[in-house]
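Engineer: Residue-level listing of the chains:
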Amino acid sequence: MNVATNAKPAAETGADTAAKTDTPITLIEAITQAMAWEMRHDDSVVVLGEDVGVNGGVFRATAGLQARFGSERVLDTPLDETTIAGLTVGMALQGMKPVAEAQFDGFMYPMVDHIVCHAARFRTRTRGRLHCPMVLRVPWGGGIRAPEHHSEANEAIFTNVPGLRVVMPSSPARAYGLLLAAIREPDPVIYFEPKRIYRQYKELVPDDGEALPLDVCYVLRDGTDVTLVSWGAQVKEALEAADRLAEDGISAEVIDVATLKPLDFDTIAESVSRTGRCVIVHEAAKTAGFGAEIAARLAEESMYDLLAPVERVTGYDTHIPLFRLEMKYLPSTERVVEAAKRALAAG
Amino acid sequence: MNVATNAKPAAETGADTAAKTDTPITLIEAITQAMAWEMRHDDSVVVLGEDVGVNGGVFRATAGLQARFGSERVLDTPLDETTIAGLTVGMALQGMKPVAEAQFDGFMYPMVDHIVCHAARFRTRTRGRLHCPMVLRVPWGGGIRAPEHHSEANEAIFTNVPGLRVVMPSSPARAYGLLLAAIREPDPVIYFEPKRIYRQYKELVPDDGEALPLDVCYVLRDGTDVTLVSWGAQVKEALEAADRLAEDGISAEVIDVATLKPLDFDTIAESVSRTGRCVIVHEAAKTAGFGAEIAARLAEESMYDLLAPVERVTGYDTHIPLFRLEMKYLPSTERVVEAAKRALAAG
Amino acid sequence: MTVAATFEIEYLQYLGPDGRFVAEPPKDIADPGRILELFKQMLFVRTFDSKSIALQRTGKLGTYAACLGHEATHVGIGAAMRPEDLFAPSYREYGAQFMRGVHPREVLMYWGGDERGNDFEIPRHDLPWCVPIATQCLHAAGAALAFKLRNEPRVAVTCCGDGGSSKTDTYAAINSAGAYELPFVQCIINNGWAISVPRKAQTGAKTLAQKGLAGGLHCLQVDGNDLFAVLEGMRRAMERARNGEGGSVIEFMTYRLHDHTTADDARRYRDEAEVKAAWDKEPIARLRTWLTAQGLWDEEQEKAWAVDCGKRIDVEINAYLESKVQPVEAMFDYLYADPPADLLAQREAAIAREARR
Amino acid sequence: MTVAATFEIEYLQYLGPDGRFVAEPPKDIADPGRILELFKQMLFVRTFDSKSIALQRTGKLGTYAACLGHEATHVGIGAAMRPEDLFAPSYREYGAQFMRGVHPREVLMYWGGDERGNDFEIPRHDLPWCVPIATQCLHAAGAALAFKLRNEPRVAVTCCGDGGSSKTDTYAAINSAGAYELPFVQCIINNGWAISVPRKAQTGAKTLAQKGLAGGLHCLQVDGNDLFAVLEGMRRAMERARNGEGGSVIEFMTYRLHDHTTADDARRYRDEAEVKAAWDKEPIARLRTWLTAQGLWDEEQEKAWAVDCGKRIDVEINAYLESKVQPVEAMFDYLYADPPADLLAQREAAIAREARR
Ligand SMILES: Cc1ncc(C[n+]2csc(CCOP(=O)(O)OP(=O)(O)O)c2C)c(N)n1
Ligand SMILES: Cc1ncc(C[n+]2csc(CCOP(=O)(O)OP(=O)(O)O)c2C)c(N)n1
Ligand SMILES: [Mg+2]
Ligand SMILES: [Mg+2]
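Residue numbers (the working numbering), protein chains in the order written: chain R, 1 to 347; chain V, 1 to 347; chain E, 1 to 357; chain A, 1 to 357.
Only chain R is shown next, with the shape it has when bound in the complex (with noise of 0.2 Å):
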């Protein structure tokens, strides 16, 4: 017997009124549009986890699901991330495409086993009997003086997994695009939330269904002299010391890679093949952070390109400190721009 899932496909509901689009939004308040425009275009939708509910989540970004799509679409859980991973494979598996959200990024290590052993690898256990079509939604890092486990940069966990897709937004508009994009993968995806940036800006984001494609880099600015690779919240670092960097003549380009896995190496490798010069910027410690397999990227395929040596600006292998000290800990634009100048020099 086949599963018959009641869910349509965006094509048959037909005509949508798109929410209004004419004001800009933010990061989070494109994550929760995002949801709210494949929520009611697929029935097969639901959004699950601690306080996702009446309460909105903790940092809104499920704000007024439940009480536009019901409860039956908007479930809190028990307090348990085993309970949450390993609900949403099962879900998943028989037809549902389930959106769950870890609270904290530092409370997403419960979930690596359901994730690692079970989401990343029904669709090749089976032959592709099962699948697991599912969202891993986790605010993710730090700078908001959070307490304890409330910022930590552990996508490096993923990056090793076959079978996994881990994605990280640094703009509204690419939040609400990858987001789509996520949820309609027939695949599990790890969805990091930089919370950092949720707030930081607006940008006008139309509510029109648009996914983006989900291994593809970005490249943000332009450059001849430098290349900025960066994702996440820390894209803000690279740009800022790109600003600070065109201040005295050099021209930097800078890459927000979005998607980590699968990396679209190309189009690093192509900027690197014009500018030589690679600085990697990255929250998470440095030893075997994914940085590490951009810089191994560059060292196989990029080698005679490259004019100096690839430079890495990222947190130290420490414990990202409690926040009287966190901001010492986080790469400043300083840094990255430091990193860029001995670049230069090197070459």
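Heads up, a few of these hints could be off.
[Claimed, not checked] Quick list of in silico lysine-lysine cross-link-like pairs, DSSO-like style, CA-CA up to 27 Å:
id, chain 1, residue 1, chain 2, residue 2
1, R, 328, A, 60
2, A, 324, R, 328
3, V, 328, V, 341
4, A, 200, A, 276
5, A, 324, A, 51
6, E, 148, A, 200
7, A, 276, A, 311
8, A, 206, E, 148
9, E, 60, V, 328
10, V, 328, E, 324
11, A, 324, A, 60
[Stated by the list, open to error] Pair ranges (Cβ atoms, derived):
id, chain 1, residue 1, chain 2, residue 2, range
12, E, 24, A, 3, 16 to 26 Å
13, E, 18, A, 1, 15 to 25 Å
14, R, 246, V, 186, 22 to 32 Å
15, V, 203, E, 19, 58 to 68 Å
16, R, 219, A, 341, 31 to 41 Å
17, V, 203, A, 338, 51 to 61 Å
18, R, 70, A, 280, 32 to 42 Å
19, A, 341, R, 246, 33 to 43 Å
20, A, 206, E, 280, 36 to 46 Å
21, A, 341, V, 199, 31 to 41 Å
22, V, 249, A, 337, 39 to 49 Å
23, E, 122, A, 337, 50 to 60 Å
FYI, nobody ran anything at the bench for these hints, they're computed from the structure.
Note that beta-carbon positions come from the ideal geometry of N, C-alpha and C, so glycine has one too.
Since chain R is already given, all that's left is putting chains V, E and A with the ligands on it; use the hints.
Structural biologist: Just chains V, E and A with the ligands now, kept in the frame of chain R:
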């Protein structure tokens, strides 16, 4: 109040008859020998895990230990890896030195939370008031025709985590010395055991209680043309490749990383400064495997020494297949030879 | 003294080890014709099991987890389910799976190291064998949640062992089934051992059935070697689930008569006397005695049926033995619906490498 | 019907919300002098709590988890313990911690974003606050296992909330405490809410005390707003633990009178009427009524004590406010006993960067 343990330092326990040391032993026997030595000399060392007691472990790593040291020193646990990890942390915090076993690599994921959030953090969290001297032993890797989840190379999950040490021996002597060091280490150590070579060959391993340093790479074979870097079971393929390359007049240096975290990059850099070429060989999937960190360091610190692009010979970016296909997944000697020759041709 | 709550856990047993009723089973489960069919199924499973062990011993199969002694529990669970229900097994409940349509050759393929064994022709929606202990229980709860949200009249049934009852995933499944009032049945198959660890070392709980109390589920303990008790226990749980009365935990008391798997040697940790005593309570003999006493079964029939089972299983074994190894690209082809470019490049390289051999 | 097991969970309450006994408390816990001391401690805690909230509101503290309404439970737990026992708190049991020697300034340092708050001067061996829910329960079980293996007459006591009772770690702690018969007490502090999720959404279990049945522990439910009941419940559990009779689970029925933390706004999800009703049952008023009726307390004393508490807490607050931020190298200095060379190089770079500012 300070917790007094009834552990006595080795010196105080006086003369100890070391086991007969004139019989060569396998890697797994060396592991047993190391645990037995340390249990004899330090009462605070306890062994725990599933089936480690009367059964002596499913691989027999703890064979005889319960009979010898009693069931208060060698504890079977309920069947739950979260339990094992959490109890281990709790015991370690109160002055014991637990050596826990994860029965197989694929079953350690539920331990990630207690390792990352707690074992790795108690010292820094409490400014040194409490710390976590524990070892987690993990039979690791593929190639033994075992069922699903019994063949995983998941070291990359831990190498980005500050506060941990990650060790993987590749010979009986190193297994013995590194395990002793791991148990004596006041901070948590993940000790991966390459099960494919548990019984591959025997060597003389004096039961002398001599630990090896936990921050050193071993040069197993000197060479001048290319550096082969590997760890665990894959060191075998690296050494075989060096033999084959020698037949073609190519001199390969072979390095066993042994301790992945902290990485002794100096030894690798020194070698590459002479050979100008580096092939990194590991069993785990390529993308964001620990090989990426080594390649990244080369791209950062050895760029001017490199005469050819860095090569990674690794598992594919897929899950290790069930055993009918698994040998096609594991990097073969042939693939290492090819990569080395590519590196030589490029230079 | 004020009492906050009281609980009582019932124990079900009808057919004693001697093949006689210790209590009269409910009419609706004790139809002799149906019992006979299920008995034959139990014999089929036992034949399959011994042939599989033989295959492993002769190097033609990988590690295999036997089900010797569990036949009444497994077949009874399978018998209680409808095709549209969902079964989430651990790794030895072949008796239940065969009743749901899983082919013996699929079991062999899986233990033979070939993922195609999990691509059940029937039932397409059941979960495959699950190696990380008890994680399937939570997937079953998730499936049950999907059924409830979609208003589908289906029940998710899952199994774990006595060892598995310690696993936190089992608790999570039980607790969420209670919190959401799911159509969910947690079977805890207590066969006395988790590899070398005896039941009493797993927990201080008097019964494993009472694990369900932690989630407010209905709890029951049954003699898992008594097909009647298994059928009645499952009937109650399935009815509750279908009637929207929520989930159940059933502890089936049985015994692992074989080694844990073919990779294990139980003599290292288990007393032979215990095994011998357990043989006196095993499920097939007592049911044979009963059926024979009813005039429904005799030696002739048993012989003929054995030959029949043997033949059918040999066909399956041959299909397994003749299966070709998957091509190297199979490793890549089921990872993503839409595989990334880098992965496709690795796939091409692997194919080229194979071609060069 | 054969019964496999029966269970009964007792509920303890002595002092009703109106400050009168609904039942006579056991003599050994009801010494008026001691009760008075504990009452004063409860007042101290409440003063600390309100001053901390005020600090947060004025930007001088990070997110703070209040303990308003939990004072009887927390102080009662602390009172039942000996210095050499181990306490593994979640994150709001200041009442218990103060009794064990933790300084209010340490609480403030922690919520003020400074790890030194966890470096308790006393007691050195207690666990620090634990943010990942319920993981501390397993550490406490591990500590209890260490005590048992070393033959130390010590008990490990841990707390989680109603939400935390769903967490798999809590189950794991309970189950291992049962399996190893550990000197372990699991306090489940049921304050009705886990942030916005009400108790009934956590589980289908009738009581949270019965979570203990899954591990074979002794289970008890007590009125957590009644100091007498808390003391008696804890006394029983501690005695069992010390006598080698194994672990206990106690559910304390109380109520979270404040928002979850200062980062939360409970009006979004919680009915004000419920909160109002809960104020009628809060622990301090009823004990004040009782003590006043005994002639042990009056308004004068309360006023004087309030001044005294305020002064002592202000000293602590000032110590916190005057503390210097740790130097940048503090981030590196407590990670390893023997820090790797690369880390030391990063440390030097960080120091140099600071110097350049
Ligand atoms: C998470 C996990 N840990 C450990 C194992 C190894 N292992 C396989 S079966 C088994 C014992 C299972 O015992 P039980 O649950 O009683 O089931 P039984 O095999 O007796 O049917 C163990 C420890 C595993 N498969 N998964
Ligand atoms: C593993 C984990 N998941 C989620 C959180 C976020 N969180 C903090 S407190 C809390 C609710 C806890 O409720 P309860 O256990 O009832 O304790 P209370 O706060 O009511 O004392 C949640 C979900 C967390 N700290 N840890
Ligand atoms: Mg069992
Ligand atoms: Mg609560």
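Engineer: Now look at each hint and say whether the structure bears it out.
Structural biologist: Tested hints:
Among the hinted pairs, residue 328 of chain R with residue 60 of chain A is consistent with the structure: their alpha-carbon atoms are about 20 Å apart, no more than 27 Å. For the suggested pair residue 324 of chain A and residue 328 of chain R, the alpha carbons sit about 15 Å apart, so the restraint of at most 27 Å is met. Only pairs whose Cα atoms come within 27 Å are accepted, and residue 328 of chain V paired with residue 341 of chain V is accepted, the gap being roughly 21 Å. For a cut-off of 27 Å, the pair hint linking residue 200 of chain A to residue 276 of chain A stands: about 20 Å separates their Cα positions.
This hinted pair checks out: residue 324 of chain A and residue 51 of chain A have alpha carbons roughly 21 Å apart, not beyond 27 Å. Annotation: proposed proximity of residue 148 of chain E to residue 200 of chain A holds, straight-line Cα distance about 19 Å (limit 27 Å). Taking the CA atoms of residue 276 of chain A and residue 311 of chain A, the gap is about 30 Å. The hint is violated against a cut of 27 Å. Using a Cα cut-off of 27 Å, the hinted pair residue 206 of chain A and residue 148 of chain E holds, with the two alpha carbons roughly 22 Å apart.
For the hint pairing residue 60 of chain E with residue 328 of chain V, the CA-to-CA distance comes to about 20 Å; that is within 27 Å, so the pair holds. For the suggested pair residue 328 of chain V and residue 324 of chain E, the alpha carbons sit about 15 Å apart, so the restraint of at most 27 Å is met. About 14 Å separates the Cα atoms of residue 324 of chain A and residue 60 of chain A, which keeps this hinted pair within 27 Å; it holds. Separated by about 18 Å at the C-beta atoms, residue 24 of chain E and residue 3 of chain A satisfy the suggested range of 16 to 26 Å.
Checked against the hint of 15 to 25 Å, the C-beta distance between residue 18 of chain E and residue 1 of chain A comes to roughly 22 Å, which is consistent with it. Our hint of 22 to 32 Å for residue 246 of chain R and residue 186 of chain V is violated, since their Cβ atoms are close to 49 Å apart. As the Cβ distance of residue 203 of chain V to residue 19 of chain E is approximately 59 Å, the hint placing it in 58 to 68 Å holds. Judged by the Cβ atoms, the range 31 to 41 Å given for residue 219 of chain R and residue 341 of chain A holds: they are separated by roughly 37 Å.
Evaluation of the 51 to 61 Å hint for residue 203 of chain V and residue 338 of chain A yields a failure: the beta carbon distance comes to about 29 Å. Checked against the given bound of 32 to 42 Å, the beta carbons of residue 70 of chain R and residue 280 of chain A, roughly 34 Å apart, stay inside it. For the pair residue 341 of chain A and residue 246 of chain R, the supplied restraint of 33 to 43 Å holds, since their beta-carbon distance comes to about 37 Å. Distance hint for residue 206 of chain A and residue 280 of chain E: a CB-CB separation of about 40 Å, consistent with the stated range 36 to 46 Å.
Between residue 341 of chain A and residue 199 of chain V the Cβ separation comes to about 35 Å, which falls inside the hinted range of 31 to 41 Å. About 47 Å separates the C-beta atoms of residue 249 of chain V and residue 337 of chain A, a value consistent with the hinted range of 39 to 49 Å. For residue 122 of chain E paired with residue 337 of chain A, a C-beta distance near 59 Å keeps the hint of 50 to 60 Å intact.
In the structure shown, a violation is registered for the earlier hints numbered 7, 14, 17, in ascending order.
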